[in-house]
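In this note's numbering, the protein residues as written are 873 to 1694.
Don't take each hint at face value.
[To be verified] Restricting the straight-line Cα-Cα distance to at most 20 Å, the calculated cross-link-like pairs of lysine to aspartate or glutamate (DMTMM-like) are:
no. : residue 1 : residue 2
1   : Lys1015   : Glu1385
2   : Lys1670   : Asp1658
3   : Lys1026   : Asp993
4   : Lys1024   : Glu979
5   : Lys1445   : Asp1424
6   : Lys889    : Glu1385
[To be verified] FRET-style restraints, in silico, Cβ to Cβ:
no. : residue 1 : residue 2 : range
7   : Glu1154   : Val1458   : 32 to 42 Å
8   : Asn1641   : Glu1526   : 46 to 56 Å
9   : Ala1651   : Tyr1568   : 26 to 36 Å
10  : Tyr1023   : Arg1143   : 22 to 32 Å
11  : Asp1390   : Ser1511   : 26 to 36 Å
What the hints contain is simulated information worked out from the structure, not anything from laboratory work. These numbers were taken from a predicted model, which means no experiment stands behind them. No residue lacks a Cβ here, since even glycine has one placed at the ideal position from N, Cα and C.
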Amino acid sequence: MAEREYNFTEIEKKWQKQWDSEEVFTSEVDDDREKYYLLEMFPYPSGRIHMGHVRNYTIGDLMARYWRMRGYNVLHPMGWDSFGLPAENAAIKNNIPPKKWTEENIEHMREQFKKLGFSYDWNREIATHTKEYYRWNQYVFGKMFEKGLAYKKKAPVNWCETCNTVLANEQVENGLCWRCETQVNQKELSQWFYKITDYADDLLKGTETLKEGWPERVLTMQKNWIGRSTGLEIIFKLETGEDFPIFTTRPDTVYGVTFMVIAPEHPFLDRVTDPKVREYIENARAQSLVDRVSEEKEKEGMDTGLKVINPFNGERVPLYVGNFVLMEYGTGAIMAVPAHDTRDFAFAKKYGIPIKIVIDNPDEPLDVATMPDAYVEKGVCVNSGPFDGVDNVTAMEKISDHAEKEGFARRKVQYRIRDWLISRQRYWGCPIPVVYCEKCGAMPVPEDQLPVELPTEVDFHGDSRSPMVTMDEFINTTCPKCGGAATRETDTMDTFVDSSWYFAKFTSPKSKEIFDFDEVDYWMPVDQYIGGIEHAVLHLLYARFYTRVLNDLGLVKCREPFKKLLTQGMVIKDGAKMSKSKGNVVDPDEIISMYGADTVRLFMLFASPPDKDLDWSEKGVEGCFRFVNRVWRILQKYSELYTPSYSFDGVTLEGDLKKLRSELHRTVMVVTRDIAERMQYNTAIARMMELVNALYQLDEKLAQSEKGRLVISELFEKLVLMLAPFVPHVADEMWEMLGNSGMLIDHTWPDYLEELTVKDEIEVVFQVNGKIRSKAMVAADMGKDDLEKMALADERVKDFTDGKDIKKVIVVPGKLVNVVAV
RNA sequence: GCCGAAGUGGUGGAACUGGUAGACGCAGCGGACUCAAAAUCCGCCGGGGGAAACCCUGUGAGGGUUCGAGUCCCUCCUUCGGCACCA
């Protein structure tokens, strides 16, 4: 028979066309089948896909195809996170309307995805820039406004000069804009917020339920970001008698307060008139948060001249203004206990403020004069009035109880997380559905007037401001309440709002309502989510918040959106992440045209486990190409030995055929476990390679024997089925080549016979004092006693035990015998 | 500073609950095929010693537990990631 070349271009085109025309990847609600919702983070349509996309979506596709073959009703959709700044920048630069630029990119990227053979249900495709989608952002905004979860406030916010917009806290990394790495400034602006702080505790508690399915480090990052701390809010008094509240996590040290520090922005400071202090305050306020942190590691402050009274002991202590105290956290002021806080200690030393020990080290009493640093360990209370002699852990509770009873303090939980600033001074996003009326104030646009459409006929002025700010026809409107003249909000929503619920919309993308409830209830939550770790405290936190909001609004039944999360590693080349700026980008299209999509997919899965970084190597790609060819050739060679209706009934195998069949069943077992339980695809592929290597070793005559045909038939069938999720095109082609019909996606994942996975002869090692001295092939079920006898009779073992006392013999059946001899 | 992850051949990476370290791939070396090369097929491939059988040594460093440690415990070093004046 003439050998047929492995023509991947032709094969891939053929099967993609067939999958497409038969719509094999569509999914429908089916109450009789168990659902499996598999989702990869949808991409921003930047123009072309990169290797990171290929990796992310290849992992997802493998899982989707696998679970489908396992009989699950799989939902595997794809869409576009299509609002965002790059479209606007491209528009300004090349004079293309953002909508056109975005939609052209989507067209192109969709084609690229199809070329990779991903099993998406394209009937469910959504794009966040369409009004059919973003109107529901506006709808939910309205609902949240009603519940007080969306509000506007004037506050110091993060401003990126390059992007010309404000940013959420989560979008500032080390003081730099997450997108363009420009230094972020503080600006006082009136902006819209989503009240994620209301959900801080619930989000934190929810992390417990995710322990099973989420990587620990993502949960840790979220917990740190939420930053819950419990403590006491204590009302100190100013000399005027006014309340001066502070928050502390160390009420046990309250008797050691020797000064207080207040944030420069604090309104209490308005009464300070001393010109020197005023100057300091103004300077400190002018400093950006970044400067305060990065320039001066040392704490800086100045005595305001005001005194504060400690309600516990009546002591009057000076009030300092300090650049390190944050207005946004706690009450914007702190009590300072230099003896027991490192930062306070340094500050007190610098400004010559007294230090008062209130927790002593029971083993080695402290001395103010000689202590080199604050004492932050456990100890016993001293100089603490009625609490002297109490250990400080107990004192925390007793002091809190006492203060609450006296009425000058209350227990409080404080969070680090701030509300989510969702306003963006940009054009290409979802309009915030609000109108401003002089009489009625800020009014959400009523539901029946939604969507507030984003104008698409726009003119960029070239000053990078949103074109909407000068569009009178957009801005001028009437008040929904009084009918008087009103103006529209021109800010748009953070695009992270768009991506906070798209996974739920995929369940019923064509519904005229936000969801079709039969659909959303059936499919949600997502069973397996896959994406990059960079979203740990961005998208993944927002999505959890938004899902809770949707749940409270009665729109979805789940409270956690993603049951299991896989954070895939980056694609690395020459020791760095592939990026344009580093010039180490490999274009997926080019590699696909050289080796085919199947090979590229195989390499992505073979080069490293999915959660680790992957080192790009074209040599490695060649290796995978070689493997595909190797399978192709052996299949051709033995294709006429294959019969779909093989049966092992009444057949007894022996020798190499028996071994090969056993090898096959073990491979199925391991590959299944690696995919389903361990999510370790590199070892699954390695096992299949071993199986193919074993097949190459099989004697040709033996293969062609009557029994050989049976073994080959079973092996081919199961091997091709196992290959299907990895290299779907060539697997379908191989299936057809063997004379079968239909697509493998509709076939059942191969099974294995437990009894065949057990070898009947195995190698055991004989050790003397833990060192291997000999090996032997024995029956797999040989008992302990026989093994021990055999080991002790072994010549090599004898060589090493001669003249020694045998103290002990450890036998691990099926593995080893260890003779301990001294 | 705090929290977390990881250090295994020339290289990407295996080794499930402590039990043959280096599976599988890449690179390299050798052989077969070929006039030759490529492709393919077969073999070798941590380091040191030895003609060989074999011996010694080896999973970042040092200790420990154990019959037995890449795996568990302690100390340290290095790299990467997250948070960072959060009161």
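- Message: Tell me if the straight-line CA distance from lysine 889 to glutamate 1385 falls inside 20 Å.
- Response: violated (33 Å)
- Query: Do alanine 1651 and tyrosine 1568 keep their Cβ atoms within the hinted range of 26 to 36 Å?
  - Reply: Distance hint for alanine 1651, tyrosine 1568 holds at roughly 28 Å.
- Query: Holds or violated: lysine 1024 with glutamate 979, Cα cutoff 20 Å?
  - Reply: Judged against 20 Å, a Cα distance of about 38 Å means the pair is violated.
- Item | Hinted pair lysine 1026 and aspartate 993, Cα distance within 20 Å | Measuring from Cα to Cα gives roughly 44 Å; hence the hint is violated.
- Message: Given the hint of 46 to 56 Å, is the C-beta distance from asparagine 1641 to glutamate 1526 inside that range or not?
- Response: violated (39 Å)
- Holds or violated: 26 to 36 Å for the Cβ distance of aspartate 1390 and serine 1511? At 47 Å between Cβs, range violated.
- Query: Is the Cα-Cα distance between lysine 1670 and aspartate 1658 20 Å or less?
  - Reply: holds (16 Å)
- Item | Agreement of lysine 1445 and aspartate 1424 with the hint, judged by alpha carbon distance not exceeding 20 Å | The given pair, whose Cα atoms are some 45 Å apart, is violated under the 20 Å limit.
- Message: Between the beta carbons of tyrosine 1023 and arginine 1143, is the distance compatible with 22 to 32 Å?
- Response: Because 29 Å falls inside the window, the suggested range holds.
- Is the distance from the Cβ of glutamate 1154 to the Cβ of valine 1458 consistent with 32 to 42 Å? violated (53 Å)
- Are the Cα positions of lysine 1015 and glutamate 1385 separated by 20 Å at most? The given pair, whose Cα atoms are some 14 Å apart, holds under the 20 Å limit.
Comparing the model with each numbered hint stated earlier shows that hints 3, 4, 5, 6, 7, 8, 11 do not hold.
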